[in-house]
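Student: Below, each chain spelled out in residue letters.
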Amino acid sequence: MKKRPKPKLAVWKFASCDGCQLSLLDCEEELLAVVGEVEIANFPEASRAVVKGPYDLSLVEGSITTPHDAERIHQVRRMSTSLISIGACATAGGIQSLRNFKNVQDFTALVYPSPQYIDTLKKSTPIADHVFVDFELRGCPINKYQLLEVISAYLNNRKPNIPNYSVCMECKRQGNVCVMVAHGIPCMGPVTQAGCNALCPSYQRGCFACFGPKESSNTSSLSEWFIQTGMKKDDVIRAFRGFNAYAEPFRRESEAYER
Amino acid sequence: MKGKTPPAKTSKSLPPAAKKNSKAARRDGSSTRVIQVDYLARVEGEGGLYIKISGNEVREVQFKIFEPPRFFEAFLRGRLYREAPDITARICGICPVAYQMSASHAIEKAFGVTIIGPIRDLRRLLYCGEWIESHALHVLMLHAPDFLGYQDAIQMAKDHPDLVQTGLKIKKIGNDIVNLLGGREIHPINVQVGGFYRVPPRKQFEPLIERLKWAREQAVGLAKWCATLPIPSFEYDYEFAALHHPTEYPFNEGRIRTSKGLDIPVEDFEKYFIEEHVPHSTSLQARLKERGAYFVGPTARYNLNYDQLSPLAQETAKAIGLSHFSRNPFESILVRAVEIVYACDEALRILEHFHPPDRPAIPLQPQAATGYGCTEAPRGMLYHRYTLDREGIILDARIVPPTSQNQKIIENDLLRFVSANLKMPKDELTWKCEQAIRNYDPCISCSCHFLKLRIERE
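Chains Z and C are the protein sequences, given in the same order.
Residues 317 to 575, numbered by my numbering, are exactly what the first sequence covers, in order.
Residues 205 to 662, numbered by my numbering, are exactly what the second sequence covers, in order.
Heads up, a few of these hints could be off.
Taking lysine-lysine and the DSBU-like style, the derived pairs with C-alpha atoms no more than 30 Å apart in a straight line are [stated by the list, open to error]:
(1) Z:Lys549 <-> Z:Lys438
(2) C:Lys313 <-> Z:Lys548
(3) C:Lys407 <-> Z:Lys488
(4) Z:Lys488 <-> Z:Lys549
(5) C:Lys313 <-> Z:Lys549
(6) C:Lys373 <-> C:Lys362
(7) Z:Lys322 <-> C:Lys373
(8) C:Lys636 <-> C:Lys612
Quick caveat, the hints were computed from the structure, so don't treat them as lab data.
Throw the hints in and build the complete structure from the sequences for me.
Tutor: See below:
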């Protein structure tokens with residue numbers, strides 16, 4: 317049936333925990349089906365075989381934190397027809413972007429006895445700050461079913477069906493009682509993009525914003541709520557300074573409380 | 205998987221990739237050779253390999269780690285104790301449970317709380333899930349292809365489809381335990397200091413029982429299959445280090461023991477184990493004071509805790525010809541297979557006697573103190589230390605992951621292996637060196653985010 321060769325898929329890693337690319341290997345039931353549709357051309361975590369570029373689809377995990385990586389991402393872009401950044405590190409700078417609020421020299425000295433061996437940039441930044449990104453898939457980690465959706469959308473030249481409404485929508489659909497209204501547990505759900513199926517509220521805890529800010533999130537209103545329920549300024553700052561701390565709406569909100 | 209004896213396909217198909225990735229540079233016009241792998245495959249994270257041979261002598265061995273540093277210990281300062289399990293999980297997507305466990309135990313220690321009863325059992329269960337998932341991934345997807353000369357498990361699946369499918373199914377059962385109890389398999393959300401946020405009702409665990417029985421049986425088969433792999437003979441008198449517990453195979457609790465007589469409480473870790481910074485690595489290298497490199501991971505656990513394995517796991521070890529004390533790191537694939545059997549067995553034991561706790565977590569009262577925790581990640585001991593103030597804010601943190609502990613041993617192995625095999629064709633030697641590194645299932649993402657504030661004065 318198929319006349320075209322299989323599209324070539326590449327997976328690239330920058331500063332990250334490996335969890336998002338592991339999501340692909342965690343598709344235990346679907347993995348061999350995916351391999352039937354695409355050629356895994358460059359995926360070092362899974363294979364030592366490397367097929368030369370260009371690649372039809374590149375998945376990029378991790379944030380840019382070193383001068384070398386700031387160059388390497390341009391090479392990846394040049395070799396890729398489509399480039400999708402996956403996970404909070406790649407889409408927002410990740411937890412390591414907490415350095416962006418501090419002096420990185422102090423951080424290095426604190427962690428490494430010989431800081432002169434360490435080559436690092438002042439800020440941890442998302443992929444889209446450096447090159448054009450065709451689609452950003454959020455999450456810390458990403459949802460593997462959303463990953464499969466994005467891959468199949470790109471294979472079929474359609475737009476991925478990834479909602480950008482809030483976790484609250486998912487929470488209502490799960491039939492959860494609101495943890496903030498009913499139990500006074502601080503929850504980032506109202507300002508956080510869906511994607512996890514309201515996992516934390518389903519386990520009786522507040523959302524901590526793994527999927528980053530939802531489209532036009534009203535962060536200042538939520539902060540006021542937090543303060544009313546007894547949180548202090550530092551607590552508000554910490555709430556917005558998680559895995560998506562450097563995403564614009566969260567960054568602005570935490571900085572507003574730092575003044 | 206029975207009867208699937210693999211074709212002896214060892215060095216026949218040496219890969220174009222090995223050629224591409226490794227640069228054979230003849231320097232000085234004659235006798236200096238360099239073995240270099242710029243980007244190691246089938247490991248977690250970014251590392252490389254550099255070996256310089258002059259004549260018949262190995263001059264330099266570097267297991268290079270260039271994973272960018274992420275400074276976890278620095279930004280943990282000023283965070284609330286409750287956040288530590290969620291934040292440190294992000295150090296590693298492969299073993300987040302280990303980070304959550306070591307962090308929780310260390311902080312509970314600081315607050316003077318010990319977790320017992322069903323919450324403790326559930327933590328063991330969660331760890332079983334992570335071991336099953338991580339070991340199945342490593343045994344089949346990352347390590348086995350080396351023994352048979354495949355580039356990856358996907359190629360291997362063409363010749364051994366049932367084996368790879370079964371391996372993926374075992375892995376999935378591990379993931380499903382973490383999924384149910386942790387909320388999701390990567391970066392679980394349900395662990396908190398003091399216990400869990402919510403304990404799922406018993407009936408949700410029940411479907412796991414039959415599947416675990418299946419997995420346990422298949423894991424025995426997997427171990428037998430691993431025993432058919434061509435295992436290079438490569439013994440050495442290592443000093444092995446692992447947790448040791450008198451009555452159970454160690455996950456969360458125990459004293460730190462080594463095979464050469466050290467026996468200390470977790471709090472004394474930093475008195476005996478030190479880390480050093482070397483230029484070719486963003487990870488710190490650990491060694492035992494006045495003793496040198498040491499070996500952590502499944503083989504160390506197994507050697508120091510053989511008696512605590514379940515009868516079925518011991519029988520499996522016996523059936524595949526694994527002695528009580530393994531000194532060959534290439535046998536680690538067998539030990540991992542035995543540990544999968546054990547983890548399935550232990551998960552079943554816990555599930556069959558399980559009664560949900562009255563409450564999902566023990567309430568805690570923060571206090572100004574320092575707490576120490578060490579648990580057994582799939583790859584070996586993972587040590588955490590936190591100093592907290594009376595509000596529960598973290599003032600100082602230290603994390604020592606297994607891969608930085610094994611880094612020195614890995615380099616020593618490479619030195620010995622290359623010295624003993626100088627005549628091997630370069631592509632084959634390069635591949636074997638990669639395999640020797642994979643013996644340790646290194647998690648490079650983990651190893652380099654650490655730090656410690658120690659000034660070397662010796």
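Student: Could you work out which of the previously given hints the structure breaks and list their numbers from low to high?
Tutor: Failing hints: none at all.
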